[in-house]
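Order-wise, the sequence lines are chains A and B.
Its first residue numbered 0, the first sequence is counted upward by one per residue in numbering that gives the first Met the number 0.
Its first residue numbered 0, the second sequence is counted upward by one per residue in numbering that gives the first Met the number 0.
Please note that a few of the clues may not be correct.
[Stated by the list, open to error] Anything over 12 angstroms on all C-beta distances counts as not near chain B; from chain A, calculated:
id, residue
1, Ile10
2, Ile64
3, Asn78
4, Ser90
5, Ile94
6, Met140
7, Ile251
[Said to hold, decoys possible] Quick look at which bits of chain B chain A covers, simulated, 3 or more residues with Cβ under 8 angstroms:
id, region
8, 64–71
9, 113–119
Don't read these hints as lab results, they were simulated from the structure.
What you are looking at is a predicted structure, and each value in this text was computed from that prediction instead of being measured.
C-beta: ideal position from N, C-alpha, C; glycine also.
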Amino acid sequence: MKTDRRGFLKIGGLGILGFAARPLVDVLLRGDLVEASPAPDTLAGKRWAMAVNVSKCKEGCRDCIVACHSVHNVPDLGNPKDEVKWIWTESYKKIFPEQEQEFDARGGKPVVVLCNHCDNPPCVRVCPTKATFKRSDGIVMMDYHRCIGCRFCMAACPYGSRSLNWRDPRPFIKKINPEFPTRTRGVVEKCDFCVERLAKGLIPACVEACKEKALVFGNLKESGAEIREILRANHTIRRRPWLGTGPQIYYIV
Amino acid sequence: MYDTAKIVAGIIIFLCLITFPIWYNVTGGKAEYVPDLKIVTQEKQCVESKGYMRNNHMQLLNEWRNTVVREGNRVYVASDGRKYDMSLSRTCLKCHVNKADFCDKCHNYVEVAPTCFNCHVVPEEKKS
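Chain A extracted, bound-state conformation (with noise of 0.2 angstroms):
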């Protein structure tokens, strides 16, 4: 075949163009690429908080306690060196620290204590790894694959809300619950405001478990939510608030 030069840059130039089409027919087709879809439940519009009426908690129930900590598989290593808590009690005094007054009946009152997820969480800015991080509907949540175990959350976090497995936690959990993961030795761990019950449209286990109602969850962003109803109508307190974290527990004392 004889081709003259005009010709070879005819078929070159047509070439070139079907390089340029390539990527164009890429777009076109995306239609049929594997890509996940959000859940029907999206977190968009949605900020999460909890109140506690420390009046309604009964003096010695650990209704929440149990129910938390044996639907998250956290262990029970029996010794507050290496204790591992999601929620758990602490002193009124202890919580509420320059808010106490030597006559007041309640000051050593235990109260319900878990993670704030605060909207400017001090975890997640130290973070090396970025395996904790805050969702756009306020929850601060952690990645456990990705924790290295530094510890650097545990120091930032004022109000002591994460623990770090020390040992394999596994030989000190009662009754492994199969539809939640455990965790492994060098991990540092805390309360998630149940993202795995949330995503299936329950509320926290906590909340669930508590008879007495003292705990209220709810979407602060939802104008009609029953935890809105409470904030408007009750003077509440926050743990620390003058650090700047922006706690989302609101205690009704």
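Using the hints, position chain B against chain A.
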């Protein structure tokens, strides 16, 4: 060259010794060993095709992990449009209930030690 015979003989003996593992495995039939994976599922089809899963299950699982944990999306849409809950324990292990005969067998053969099950619960433990 001095001592040609000794040197050549030495080289031959050396080559025999160094290639011994290859000969040993070829003649013993061990070279063709392929782990015999038991698939005991009721489902006919995995989330993606068999070949894709065989080659890319680790990438797929990593993608699932990141999507679920970091983005909060729990629904996987497969290339044929079917939807799955992205969960190792609830979706993968629901069908592949025989972890020891399926996951472990191949992982042991290729000498990889994924750490998934340090935390994720294997359904067998449900009974205990």
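Exclusion check [A/Asn78 not at the chain B interface, CB over 12 angstroms]: holds, 22 angstroms
Closest CB-CB distance from A/Ile10 to chain B, is it above 12 angstroms? holds, 37 angstroms
Does the no-contact call for A/Ile94 survive, Cβ to all of chain B over 12 angstroms? holds, 30 angstroms
Find the nearest Cβ of chain B to the Cβ of A/Ile251 and say whether that gap is larger than 12 angstroms. Given a closest Cβ separation of 30 angstroms, the condition holds.
Taking the minimum C-beta separation from A/Met140 to chain B, is that value above 12 angstroms? The claim breaks: A/Met140 does not keep its Cβ more than 12 angstroms from every Cβ of chain B (closest is about 8 angstroms).
When I compare C-beta atoms, does the region 113–119 of chain B have three or more residues closer than 8 angstroms to chain A? Three-residue rule met by the region 113–119 of chain B, so holds; n is 4.
Consistency of the no-contact label for A/Ser90, given chain B and a CB cut of 12 angstroms: holds, 33 angstroms
Least C-beta distance between A/Ile64 and chain B, which was stated to exceed 12 angstroms: Consistent with the label, A/Ile64 stays out of reach of chain B, its closest Cβ about 22 angstroms off (over 12 angstroms).
Holds or violated: the region 64–71 of chain B covered by chain A, criterion of 3 or more residues with Cβ-Cβ distance under 8 angstroms? holds (count 6)
Checked against the numbered hints listed earlier, the structure breaks hint 6 alone; every other hint is satisfied.
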